[in-house]
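For the record, the sequence lines run as chains L, S, D and Y. Using the working numbering, the first residue of the first sequence is number 14, and each one after it goes up by one. Using the working numbering, the first residue of the second sequence is number 14, and each one after it goes up by one. Using the working numbering, the first residue of the third sequence is number 14, and each one after it goes up by one. Using the working numbering, the first residue of the fourth sequence is number 14, and each one after it goes up by one.
Don't take each hint at face value.
As the list claims (entries may be wrong) - In silico EDC-like pairs for lysine to aspartate or glutamate, Cα to Cα no more than 16 Å straight-line:
hint, chain 1, residue 1, chain 2, residue 2
1, L, K84, D, E73
2, Y, K84, Y, E33
3, D, K206, D, E67
4, Y, K84, S, D216
5, L, K84, D, D28
6, S, K84, Y, E73
7, Y, K84, S, E73
Said to hold, decoys possible - Which stretches of chain S does chain D cover? Using the computed rule of at least three CB atoms under 8 Å from a CB of chain D, they are:
hint, stretch
8, 73 to 79
9, 239 to 248
By construction, these hints were calculated from the structure, which means they are not laboratory data. These figures come from a predicted structure and were not determined experimentally. Using N, Cα and C, we set each Cβ at its ideal position, and we do this for glycine too.
The residues making up each chain are set out below.
Protein chains: 4
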Amino acid sequence: MCRWMAYTGHSVYIDKLLYEPEHSLVHQSLGARKSEVTVNADGFGIGWYDEHDEPGLYHEVMPAWSDCNLKNLAHHIRSNLFFAHVRSSTGTATNRSNCHPFSYKNWLFMHNGQIGGYDTLRWHLDRLIPEHLYPFRCGATDSELIFLLMIANGLETDIHQAVTTTLKQTEDLMDKHEIVEPLRFASTLSDGKTLTVMRYSSDDQSPTVFSKLFEQHIVVGSEPLELSGDGWILMPEGHIATLVPTQPFNSTPLF
Amino acid sequence: MCRWMAYTGHSVYIDKLLYEPEHSLVHQSLGARKSEVTVNADGFGIGWYDEHDEPGLYHEVMPAWSDCNLKNLAHHIRSNLFFAHVRSSTGTATNRSNCHPFSYKNWLFMHNGQIGGYDTLRWHLDRLIPEHLYPFRCGATDSELIFLLMIANGLETDIHQAVTTTLKQTEDLMDKHEIVEPLRFASTLSDGKTLTVMRYSSDDQSPTVFSKLFEQHIVVGSEPLELSGDGWILMPEGHIATLVPTQPFNSTPLF
Amino acid sequence: MCRWMAYTGHSVYIDKLLYEPEHSLVHQSLGARKSEVTVNADGFGIGWYDEHDEPGLYHEVMPAWSDCNLKNLAHHIRSNLFFAHVRSSTGTATNRSNCHPFSYKNWLFMHNGQIGGYDTLRWHLDRLIPEHLYPFRCGATDSELIFLLMIANGLETDIHQAVTTTLKQTEDLMDKHEIVEPLRFASTLSDGKTLTVMRYSSDDQSPTVFSKLFEQHIVVGSEPLELSGDGWILMPEGHIATLVPTQPFNSTPLF
Amino acid sequence: MCRWMAYTGHSVYIDKLLYEPEHSLVHQSLGARKSEVTVNADGFGIGWYDEHDEPGLYHEVMPAWSDCNLKNLAHHIRSNLFFAHVRSSTGTATNRSNCHPFSYKNWLFMHNGQIGGYDTLRWHLDRLIPEHLYPFRCGATDSELIFLLMIANGLETDIHQAVTTTLKQTEDLMDKHEIVEPLRFASTLSDGKTLTVMRYSSDDQSPTVFSKLFEQHIVVGSEPLELSGDGWILMPEGHIATLVPTQPFNSTPLF
Numbered sequence: 014m015c016r017w018m019a020y021t022g023h024s025v026y027i028d029k030l031l032y033e034p035e036h037s038l039v040h041q042s043l044g045a046r047k048s049e050v051t052v053n054a055d056g057f058g059i060g061w062y063d064e065h066d067e068p069g070l071y072h073e074v075m076p077a078w079s080d081c082n083l084k085n086l087a088h089h090i091r092s093n094l095f096f097a098h099v100r101s102s103t104g105t106a107t108n109r110s111n112c113h114p115f116s117y118k119n120w121l122f123m124h125n126g127q128i129g130g131y132d133t134l135r136w137h138l139d140r141l142i143p144e145h146l147y148p149f150r151c152g153a154t155d156s157e158l159i160f161l162l163m164i165a166n167g168l169e170t171d172i173h174q175a176v177t178t179t180l181k182q183t184e185d186l187m188d189k190h191e192i193v194e195p196l197r198f199a200s201t202l203s204d205g206k207t208l209t210v211m212r213y214s215s216d217d218q219s220p221t222v223f224s225k226l227f228e229q230h231i232v233v234g235s236e237p238l239e240l241s242g243d244g245w246i247l248m249p250e251g252h253i254a255t256l257v258p259t260q261p262f263n264s265t266p267l268f
Numbered sequence: 014m015c016r017w018m019a020y021t022g023h024s025v026y027i028d029k030l031l032y033e034p035e036h037s038l039v040h041q042s043l044g045a046r047k048s049e050v051t052v053n054a055d056g057f058g059i060g061w062y063d064e065h066d067e068p069g070l071y072h073e074v075m076p077a078w079s080d081c082n083l084k085n086l087a088h089h090i091r092s093n094l095f096f097a098h099v100r101s102s103t104g105t106a107t108n109r110s111n112c113h114p115f116s117y118k119n120w121l122f123m124h125n126g127q128i129g130g131y132d133t134l135r136w137h138l139d140r141l142i143p144e145h146l147y148p149f150r151c152g153a154t155d156s157e158l159i160f161l162l163m164i165a166n167g168l169e170t171d172i173h174q175a176v177t178t179t180l181k182q183t184e185d186l187m188d189k190h191e192i193v194e195p196l197r198f199a200s201t202l203s204d205g206k207t208l209t210v211m212r213y214s215s216d217d218q219s220p221t222v223f224s225k226l227f228e229q230h231i232v233v234g235s236e237p238l239e240l241s242g243d244g245w246i247l248m249p250e251g252h253i254a255t256l257v258p259t260q261p262f263n264s265t266p267l268f
Numbered sequence: 014m015c016r017w018m019a020y021t022g023h024s025v026y027i028d029k030l031l032y033e034p035e036h037s038l039v040h041q042s043l044g045a046r047k048s049e050v051t052v053n054a055d056g057f058g059i060g061w062y063d064e065h066d067e068p069g070l071y072h073e074v075m076p077a078w079s080d081c082n083l084k085n086l087a088h089h090i091r092s093n094l095f096f097a098h099v100r101s102s103t104g105t106a107t108n109r110s111n112c113h114p115f116s117y118k119n120w121l122f123m124h125n126g127q128i129g130g131y132d133t134l135r136w137h138l139d140r141l142i143p144e145h146l147y148p149f150r151c152g153a154t155d156s157e158l159i160f161l162l163m164i165a166n167g168l169e170t171d172i173h174q175a176v177t178t179t180l181k182q183t184e185d186l187m188d189k190h191e192i193v194e195p196l197r198f199a200s201t202l203s204d205g206k207t208l209t210v211m212r213y214s215s216d217d218q219s220p221t222v223f224s225k226l227f228e229q230h231i232v233v234g235s236e237p238l239e240l241s242g243d244g245w246i247l248m249p250e251g252h253i254a255t256l257v258p259t260q261p262f263n264s265t266p267l268f
Numbered sequence: 014m015c016r017w018m019a020y021t022g023h024s025v026y027i028d029k030l031l032y033e034p035e036h037s038l039v040h041q042s043l044g045a046r047k048s049e050v051t052v053n054a055d056g057f058g059i060g061w062y063d064e065h066d067e068p069g070l071y072h073e074v075m076p077a078w079s080d081c082n083l084k085n086l087a088h089h090i091r092s093n094l095f096f097a098h099v100r101s102s103t104g105t106a107t108n109r110s111n112c113h114p115f116s117y118k119n120w121l122f123m124h125n126g127q128i129g130g131y132d133t134l135r136w137h138l139d140r141l142i143p144e145h146l147y148p149f150r151c152g153a154t155d156s157e158l159i160f161l162l163m164i165a166n167g168l169e170t171d172i173h174q175a176v177t178t179t180l181k182q183t184e185d186l187m188d189k190h191e192i193v194e195p196l197r198f199a200s201t202l203s204d205g206k207t208l209t210v211m212r213y214s215s216d217d218q219s220p221t222v223f224s225k226l227f228e229q230h231i232v233v234g235s236e237p238l239e240l241s242g243d244g245w246i247l248m249p250e251g252h253i254a255t256l257v258p259t260q261p262f263n264s265t266p267l268f
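Using the sequences and the hints given, assemble the complete structure.
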């Protein structure tokens, strides 16, 4: 299981969120409390929006905590909407092409979870990627695959619909191949303007997603950034939410 | 265009061939004379056979000339059949999954060349990989793809037939999509016992393959390992050859 | 020999200078025309000033041309004063601690050249680094060493004096040890406000430094960024200059 | 705190010890039980002896568990005396020059521990390295420094004497600078023939060193390689021992 966080609000330097909180994502990478494995050191990435339409991206295969570039970049890059992800591989190689967040045009996506039986299903799922999106299949992860299927399923026009279609499509294929391992999916995506989070699983054991509203910004992530957890709300399973920096967290059932 | 070399003969430390000749592969990586680009610094790899059936492999994304690990490993690993490759990317990312040689069971394969219009054809070609070989599609290169198609086309039972079927299959698809860039293919493969080399192109401009027979071994590669070129024979275009350490180079037309 | 470039002027995205010119630094890294070696692929780095006092830094051991992070960062980071460097090692290892530019507080420094007989002199020169600066001796290059000696010799109060003292100190030690290889030094440094360039050698064969004044900015580097070289002025040997974005290049003899 | 293991005995493939035991060093790297930190992912290295006098070396900055090269090399390299180390940095950068084991001629050394107040003392300690050994000061760690001081203090003629002189020299300097943090030192070294282990600290809290004698080999390391710990003997603090594959562990007081 991976860990991630996303921020939307007034423009801040990324290190304010990525390093400074007592249980920041970089801190979590050394020993996540709420996930099944204890270390997220199989690559990491950040993605951020600025005055360009397409987001900035930085991916690296070292552990986040020891990368001096990340520390320096996070101190010098400011953004009003950014993503950060630390990876714990569920099998695929540690290389930059397999690091989150993934991007497509103005979109960013990152994910914590798995497709049950992915080794069996990858051949079938990759064949569902339409020809025009295939150049964006750069790595071998299930996460990149889910993102491309969501785009194929209409993400750019209807996020909710694209997500449910893709989850359904995946679960149908899992059923057809009698996969017993679950589908788990705790994800976030953005077009640069809005921030959408989703929490779902086929076995009611979705990876956690917490959020907290501050005065001018909202933060969402796999774990609270403070050890006390005060003010952090656990998103309900099977829900999707669009985050607005000035409004309380409000989610809708996915199905 | 990449550069590669392969060795078969009595057991030697790899650095005898990889570093010591005046125009060794590591030397070539800094400025190949006979290829179109001047630098091969987009990753490299070695593969070698020993008492195991499956070959040893080492892949790295740094330039070969500056990797202290490669220098050390080549000084300590001995083999009677080994491959070495320095990569100059034709577009795909510099990561270990895209480095040659590629392996499958007891087989090694490496390649210098390109599939014309690969960006257009990749979606179609990847769909030709059968389900049972798809777990071996780890990267995104045309080289790995060609290797998997050759296996699908019967490499383990008839090398010559598998190669020609794969080249034909690829050219047919290129024709169908009206690709004008050529197919170029200068490759070597081994099952751990025999060493096969191939040189082919759709436009009679195949990347070079030279070989030289020594007393107890034979060396083949993109360029002669000596600047004089004395004793190095250029393999004819459109041919395939099986190298035997004690016999002169002898090739057969592919088609 | 390495290659570098520096920019001062109105705020621009770094890629405007680092990638877009026909003979940009990334282009130069694949085959420098005016330097002795043809490839600068032993690590690279950028440093830039923004609203912080201390500069941003990004160092990497891959060749600059194949690093997707560099391409992305250069497209998203804007600055009115930045440095970029591609390294061709003269012996020390390819790791991030040996990549330029080097930083100290609000200062940046980068260098193309060598201390003749550095292997012999390193023990002696390192002992000249004062205790309070020793924590900044992170790598093993002669470049980092020269930078720390310049700081020890008063860089923060008198740049010209600190440079000449350091060059003299180095040459005296070279003389004492009867080193015959030359000292060569083509460097640039900044405190975040002014940009200083220096060109010197003990054998009148200083590495080149060219500059060109544009409407609102000035660029300086190892080579002209345009193949024609139109408008690029070669800095005289043995000189030092402070660059002002709106004034023609004007240098002073170092000694 | 780092973790390490060393092996001496009949020739084996390294993966038999590095991967196969239930609590192998690669397993330990993800969550060491007996050390203060939970992750050793700031680089790793192996060193091994074969028919050359000088040992083979492989260093990498990725976590050991995700490096496919390590897995492959360990499966193909056999040795009758080898070292393996997973690093958890106490402050210095994650780069190959800072990875254990360190080598000098036919010698290997690796270390778990720290010099208290190293940031303060580094300038003083580096000045104790004699000129002829300074070219071997490639990184910035206290471990490499201790190794070079031991060589300066006569390691090649009297190991026990060189170790105690170096520990005394270091503690004297710590006292002189009124350092309160302890010196901790759990190390192993070899000349290719004998394997020496040492366990010491200035505060009676030496990092653990366990050993177990098998039929034809002996293994020593920071932790038992089996979770049960059956047959693993904890080395007494303040002792030094020379390991012989066919004899029970037998140590001598250092002082």
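Original post:
Under a C-beta cut-off of less than 8 Å, do 3 or more residues of the stretch 239 to 248 of chain S approach chain D closely enough to confirm the stated coverage?
Top reply: violated (count 0)
Original post:
Are the Cα atoms of L/K84 and D/E73 separated by 16 Å or less?
Top reply: holds (14 Å)
Original post:
Taking 16 Å as the top limit, are the C-alpha atoms of Y/K84 and S/D216 close enough?
Top reply: violated (42 Å)
Original post:
CA of S/K84 to CA of Y/E73, is that 16 Å or under?
Top reply: holds (14 Å)
Subject >> Restraint status (C-alpha distance of Y/K84 to S/E73 at most 16 Å) >> reply: holds (14 Å)
Original post:
Hey, Y/K84 versus Y/E33, does the alpha-carbon distance stay inside 16 Å?
Top reply: holds (11 Å)
Original post:
Is it true that the CA of L/K84 sits at most 16 Å from the CA of D/D28?
Top reply: violated (22 Å)
Subject >> Whether chain D covers the stretch 73 to 79 of chain S (at least 3 residues having a Cβ closer than 8 Å to its Cβ atoms) >> reply: With 4 residues closer than 8 Å to chain D, the stretch 73 to 79 of chain S meets the three-residue bar; holds.
Original post:
Keeping to a limit of 16 Å between CA atoms, is the pair of D/K206 and D/E67 held or broken?
Top reply: Roughly 11 Å separates the two Cα atoms, so the pair holds.
In terms of the numbered hints stated before, the structure departs from hints 4, 5 and 9, listed from lowest to highest.
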